[in-house]
Amino acid sequence: AQKITQTQPGMFVQEKEAVTLDCTYDTSDPSYGLFWYKQPSSGEMIFLIYQGSYDQQNATEGRYSLNFQKARKSANLVISASQLGDSAMYFCAMREAPIGGYNKLIFGAGTRLAVHP
Amino acid sequence: GAVVSQHPSWVICKSGTSVKIECRSLDFQATTMFWYRQFPKQSLMLMATSNEGSKATYEQGVEKDKFLINHASLTLSTLTVTSAHPEDSSFYICSASPPTSGPYEQYFGPGTRLTVT
Numbered sequence: 008a009q010k011i012t013q014t015q016p017g018m019f020v021q022e023k024e025a026v027t028l029d030c031t032y033d034t035s036d037p038s039y040g041l042f043w044y045k046q047p048s049s050g051e052m053i054f055l056i057y058q059g060s061y062d063q064q065n066a067t068e069g070r071y072s073l074n075f076q077k078a079r080k081s082a083n084l085v086i087s088a089s090q091l092g093d094s095a096m097y098f099c100a101m102r103e104a105p106i107g108g109y110n111k112l113i114f115g116a117g118t119r120l121a122v123h124p
Numbered sequence: 614g615a616v617v618s619q620h621p622s623w624v625i626c627k628s629g630t631s632v633k634i635e636c637r638s639l640d641f642q643a644t645t646m647f648w649y650r651q652f653p654k655q656s657l658m659l660m661a662t663s664n665e666g667s668k669a670t671y672e673q674g675v676e677k678d679k680f681l682i683n684h685a686s687l688t689l690s691t692l693t694v695t696s697a698h699p700e701d702s703s704f705y706i707c708s709a710s711p712p713t714s715g716p717y718e719q720y721f722g723p724g725t726r727l728t729v730t
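In the order they appear, the protein sequences are chains S and Y.
The first sequence stops at residue 124 when you use our numbering, and every number in between is there.
The second sequence stops at residue 730 when you use our numbering, and every number in between is there.
Don't take each hint at face value.
Unchecked claim - Derived lysine-lysine pairs resembling DSBU-like cross-links, with alpha carbons at most 30 Å apart:
1) Y:K627 to Y:K679
2) Y:K627 to Y:K668
3) Y:K633 to S:K111
4) Y:K679 to Y:K654
5) Y:K668 to S:K111
6) S:K77 to S:K111
7) S:K10 to Y:K654
8) Y:K627 to S:K10
9) S:K111 to S:K10
10) Y:K654 to S:K23
11) Y:K654 to S:K80
12) Y:K668 to S:K10
13) S:K10 to Y:K679
14) S:K10 to Y:K677
15) S:K111 to Y:K679
As the list claims (entries may be wrong) - So, partial list: chain S residues that the calculated Cβ filter (under 10 Å) puts toward chain Y:
16) S49
17) E51
18) Q64
19) A116
20) G117
These aren't lab readings, by the way, just hints derived from the structure by calculation.
By construction, the Cβ of each residue, glycine as well, lies at the ideal position given by its N, Cα and C atoms.
Turn these sequences into a full structure, and let the hints steer you where they fit.
Right, dumping it as structure tokens:
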């Protein structure tokens, strides 16, 4: 069974500093995808970044980068130059190779990030 | 980008009544839609996978007779919470998956907050 673990229930960071949110995963499938989503207090799920299991390079999207260490099964999110608007809940999620064509996502418990001025 | 809407955004109902939540893909056809439930301060839990023209696939532990899912068209899936009770109060989020594959495989709706009194 696949599993996503986020061990940091809450994180604090000073504005303009970088922060790393941890995510480890467990799967026996060689083909999988890893996602990070941001959920502000409004509840909407905002897609941040994606890493495929066969991708050779770490994914980057603006201030977001994914530190993908396949052997350690970790997919940490790095947010550079934190902004006050980054304060939100962050979820790591994994998709295994679709079974019957269904791209099911399994989510971690989440990390609440608070950015202080 | 692809847009998914949900209606209503919030609903209050009395115990014992049924509530219908709609999930629509506005600018793409969604052969597959997913329904998640999120309790306060918790992660998203997949409830069921909805496929147009066929029966939904429910996750283990989800009562299919209580949470009726109908995927009537390629742009609409509905979740009906039957005989709602206070413990069904939660944030319900749908996501839609377009037929073409890619990292942005699921687009999330804004969510529906259900409160059962």
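Results for each hint:
Using a Cα cut-off of 30 Å, the hinted pair K627 (chain Y) and K679 (chain Y) holds, with the two alpha carbons roughly 15 Å apart. Proposed proximity of K627 (chain Y) and K668 (chain Y) is supported: the alpha carbons are some 28 Å apart, at most 30 Å. For the hint pairing K633 (chain Y) with K111 (chain S), the CA-to-CA distance comes to about 23 Å; that is within 30 Å, so the pair holds. Of the supplied pair hints, the one linking K679 (chain Y) and K654 (chain Y) holds, its CA atoms being roughly 24 Å apart against a limit of 30 Å.
Between K668 (chain Y) and K111 (chain S) the alpha-carbon distance is near 16 Å, which keeps this suggested pair within the 30 Å criterion. Straight-line distance between C-alpha atoms of K77 (chain S) and K111 (chain S) comes to about 21 Å, which keeps the hinted pair within the 30 Å bound. Pair hint K10 (chain S) plus K654 (chain Y) holds up; C-alpha atoms about 19 Å apart against a cutoff of 30 Å. Simply put, K627 (chain Y) and K10 (chain S) have alpha-carbon atoms about 36 Å apart, too far for the 30 Å limit, and the pair is violated.
Between K111 (chain S) and K10 (chain S), the direct Cα distance comes to roughly 13 Å. Compliance with the 30 Å bound is thereby established for this hinted pair. Proposed proximity of K654 (chain Y) and K23 (chain S) is supported: the alpha carbons are some 26 Å apart, at most 30 Å. Between K654 (chain Y) and K80 (chain S) the alpha-carbon distance is near 26 Å, which keeps this suggested pair within the 30 Å criterion. At roughly 26 Å between alpha-carbon atoms, K668 (chain Y) and K10 (chain S) fall within 30 Å of each other, so this suggested pair holds.
At roughly 27 Å between alpha-carbon atoms, K10 (chain S) and K679 (chain Y) fall within 30 Å of each other, so this suggested pair holds. Taken as a hint, the K10 (chain S) and K677 (chain Y) pair is honoured in the structure, with Cα atoms around 24 Å apart against an allowance of 30 Å. Simply put, K111 (chain S) and K679 (chain Y) have alpha-carbon atoms about 21 Å apart, close enough for the 30 Å limit, and the pair holds. Taking 10 Å as the C-beta cut-off, the interface hint given for S49 (chain S) holds, the closest approach to chain Y being about 8 Å.
Because the smallest distance between the Cβ of E51 (chain S) and any Cβ of chain Y comes to about 5 Å, under 10 Å, the interface hint for this residue holds. Against a cut-off of 10 Å between C-beta atoms, the interface hint on Q64 (chain S) is violated, since the closest Cβ of chain Y lies about 14 Å away. Interface hint at A116 (chain S): satisfied, since its Cβ lies 5 Å from the closest Cβ of chain Y, which is below the 10 Å cut-off. Hint status for G117 (chain S) relative to chain Y: holds, with the closest Cβ pair at about 5 Å, below 10 Å.
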